[in-house]
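Colleague: Whenever a hint applies, use it, and build me the whole structure from the sequences.
When you read off a place in the sequence shown, starting at 1, and then add 24, the result is the number in our numbering.
Hints in this document: simulated from the structure, not taken from any laboratory. Any given hint could turn out to be false.
[Said to hold, decoys possible] Just the calculated beta-carbon pair ranges, DEER-fashion:
id : residue 1 : residue 2 : range
1  : 111       : 166       : 27 to 35 Å
2  : 193       : 76        : 40 to 48 Å
3  : 126       : 33        : 29 to 37 Å
4  : 78        : 193       : 43 to 51 Å
5  : 71        : 106       : 16 to 24 Å
6  : 189       : 69        : 23 to 31 Å
7  : 215       : 137       : 21 to 29 Å
8  : 162       : 33        : 21 to 29 Å
9  : 147       : 64        : 25 to 33 Å
10 : 114       : 207       : 18 to 26 Å
By construction, the Cβ of each residue, glycine as well, lies at the ideal position given by its N, Cα and C atoms.
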Amino acid sequence: MYSRNSFSDIMKTKDNKELVFVHTPKCAGSYIASILSHLNIKNNSHTQAVPSDKYIYFTVIRKPVERFESLLNYRLSMKKPRKDWPKHLLYAHHDKNIKLDEIVSKMSDEDIEGFSPYKTLKYWTKNVDIIITLDNLPQLLKYFGYTYDINSFAPVNVSKKTRDKIEKPNKERIKKLFNDDIKIYNMVKKSNIDY
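Modeller: So, in structure tokens, the structure goes:
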């Protein structure tokens with residue numbers, strides 16, 4: 025877990041502030057939303073956090089390459105492509121024989137960076153107080169006084185992986201494009217704050 029502010033500052037003010045979730049797309053947000061709804065924790069949905077004295081914002085992130093792969097798998101499972109799907113790849117959306125790696129190879133950098141509301145981890149973590157990975161969610165919620173039976177909630181909106189994976193050269197390209205996101209993810213994984 026990573027905290028933008030000193031964790032001791034958050035500990036001092038946690039009783040005076042409401043915990044609010046910022047849903048970073050393709051980071052298990054629908055699953056998390058079902059848990060938070062059960063616990064009556066505010067969900068800011070796909071709305072970026074704004075500086076506030078009333079709230080402690082938190083979000084959940086995942087590895088940027090896996091996140092992008094999940095986005096493509098999700099989008100390719102839709103009956104109709106969304107408006108931000110690259111027009112020159114409309115044929116690939118409908119042809120299930122075309123592999124994910126081939127599709128990414130034919131995308132420009134602008135195509136890769138242009139999905140909405142996807143945006144970067146850098147965008148979604150702006151003004152967020154606490155950034156975690158999914159495995160830290162029970163710990164974080166427990167620290168703030170919330171408990172739940174983890175087995176009562178099943179994964180939601182899991183993208184079907186019907187077109188294989190992105191291969192190493194394209195993974196490296198995505199890592200370069202989302203370099204800031206890689207840094208954020210690595211920083212979160214390296215942080216180890218005890219609750």
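Colleague: Which of the listed hints are broken here?
Modeller: Numbers 1, 3, 10, in rising order.
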